[in-house]
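What follows is the residue order along each chain.
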Amino acid sequence: MSTMYRFAGLDDRPIRVASDAPLIDFTARFFGLWPFDEEGTAIADLADITIEAVDGGFRLRHGALEGGAQEVPDAAEAANQLVGLLAAEQLARRSDLIGLHAGAAAGPGGLILFVGDSLCGKSTLALQLARRGARFFGDDRLLVAPAGTDNSDVPTGIGLGLTPRMRLPIHEGAGGALAAFVAANSVVEHMDWQGNPIIAYIDLELDTFDAAPFGTTLPVAALVLPHRRDDDPDALELELGSKGDAALAVVRQSTAPGMDARGHVAAAALIAGSVPCLRLVYGSSAAAADLLAERFGIS
Amino acid sequence: MPHAVADKTRMNRLRRRPDIAITALDGGTFLIDGRTQAIFHLDALGGGVWTALAEPATRDELAAVLAEAFPDTPRDTIAHDLDALLAELDARDLLERV
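For the record, the sequence lines run as chains A and B.
Under our numbering, the first residue of the first sequence is numbered 1, with each subsequent residue one higher.
Under our numbering, the first residue of the second sequence is numbered 1, with each subsequent residue one higher.
In isolation and in its complexed conformation, chain B is listed as follows (with noise of 0.2 Å):
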């Protein structure tokens, strides 16, 4: 699932939805959809990426952002961890296509 899902939103360009609080602490971010009243909560990688979806951004300028940021991860790994983490945020609908 994750993987099909990461195919639909690899050529997409990707924000994170501007209605969602942040509350950042530690090493971890709290999401919240005022929605839904729902509550999620990211690792420091699930936070960074968080961070870059400020602005508009393929899966791919992602990655490419991500092995930057953590040159001793190898690739695949970074590839595997964020398709997993945007196919999460895409079923939660915390994600907009722009």
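Isolated chain A (complex conformation) (with noise of 0.2 Å):
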């Protein structure tokens, strides 16, 4: 018998979720600071996203789904991709926010995206930040409303609340401080073929650093585009770059189902447009952040 989740939504509006699934038992490892409760007996028509038991594993169904369902091997792959759908439901409601990849973390006078390929640091950059006083926001994913919210006209950041993750090992140029962070709060999630550790998420629940829940909303202060430097670990330069550039990266990285295409890149402009956009270049993100620190005040 399906159970009944009911995950909070913007404006009030929660997402529900039918699931065959334990949910609860992944609330540490998937859901961070993104509150659900159990509702009791699921009925499947008031659902917005429905997990459903079949042979050899579960079935997701989402209208964000190629052909509206995906099926998984357990449980916890579950768990883990209905965080994306439980994202594509907020976008799916909501036609002026983009949902960005990203990494964030939020100084005094506002949020710092970090946007880029993948492997450029997004979240290590975060995540370092919020171990130098920052508000940390996210280190895969947010919301962006590019015209602001009700309180704002100013681009403007929701946080997801989601558990954050490190790939392991820690790069070398982390710097030994944030491989022991790492070490001492999370759980490993992943080993490879031989058993070595590859991927770790931060358990939120031991309140090691100030990390946004669901549904915190603050003004984007400036985007930052990290180039990693593997081969100068002496690399660090932080200045200012095109916004052409910024903007290019925000599309890219960026996913706008209610906008058209010209909506999407309009969002885009706007938001490059509205704040700095910062070329960093770093060989160590440990110093990368002491600068980014000093940059926007975060103490």
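Derived by calculation from the structure, the hints in this document are not laboratory data.
No residue lacks a Cβ here, since even glycine has one placed at the ideal position from N, Cα and C.
A portion of the hints provided could be inaccurate.
Claimed, not checked - Partial list, derived from the structure: chain B residues whose beta carbon lies under 8 Å from chain A:
1. 20
2. 21
3. 26
4. 27
5. 28
6. 30
7. 32
8. 37
9. 38
10. 39
11. 77
12. 80
Need the complex rebuilt from these two chains, each delivered in its own frame; the hints are there to steer you.
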């Protein structure tokens, strides 16, 4: 018998998930500070997302999935995929928002968004800043209102409160302090075929740094496009970059299901046009975070 | 492939599709194909070529315009970059032959 879970939603509209998978078991691992509770026995017709047990695993259903459905081998993967579907459902309800793949941390002036391709260090930089006193806003994705929200007419980030994850081993340039922090505050999630840990999630329930819960909104203060130099550990440069490059990065790293292509580009141009866009070249994320903390008044 | 397409485009007068939406921002140009909802991005050179293609022009005429605009750039570099760009725009159905 399926359980109906009620996840917090924007505008006080919860997202209902009818699930055969025990989602409560995966709170710390995936949902972090995105609150949800059990409502009782599920009525599938009332659910926005369904997770049903099938031979060999679970089948998720939501309009954002290709063909409307996806099968996964176990409950953990169902919970993992649900994260994306919750964000997709939120975007389906709000045509004024885009979903941005970015790391984010907040200083006194607002959100610093790290936008770029995979492995450029978005997650690490956001976590490094959080350890220096910034408010952690996300390591992987957030929602952005390009034209602002009710309380602001500047681009605004909306946190999802998701559990941050780190690839292991921690990059050498991140410094021993971060590696020690991750080791002390994370739980290994995946091993490779040789039994080496490759992904760990930071347990937000340990409450070792300030993390924004679901629905927290803050104005965007800056876009930072990181370029990691693995060949030069001493590289460190932070300078004003091209707003065109920043807009392109936003387009490439975002989804905007509620907008047509022209609207999507306009949203990216609005975000990039509204805030400073910085180019960060670095070899050590620890040194980069120190520089960013100084630049944005984080302590 | 780009060379073969450039041969085809060299003699034709080309023009950008008038229904392609444009958003220019700080050295880059976004093109939006309303038919397919595809988004393309052009750098400064590409944006300049796209601007020039508001009116019909042959490939050689475009090359001459670029050579004048970028006098310090070797002509063969201009030719190579232009041919690659035109091939890409053509492949993505963003151009018309007039």
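Each hint, compared with the structure:
| no. | hint | verdict |
| --- | --- | --- |
| 1 | 20 | 10 Å, violated |
| 2 | 21 | 5 Å, holds |
| 3 | 26 | 4 Å, holds |
| 4 | 27 | 5 Å, holds |
| 5 | 28 | 3 Å, holds |
| 6 | 30 | 5 Å, holds |
| 7 | 32 | 5 Å, holds |
| 8 | 37 | 4 Å, holds |
| 9 | 38 | 7 Å, holds |
| 10 | 39 | 5 Å, holds |
| 11 | 77 | 22 Å, violated |
| 12 | 80 | 23 Å, violated |
This entry does not satisfy hints 1, 11, 12, going by the numbered hints stated previously.
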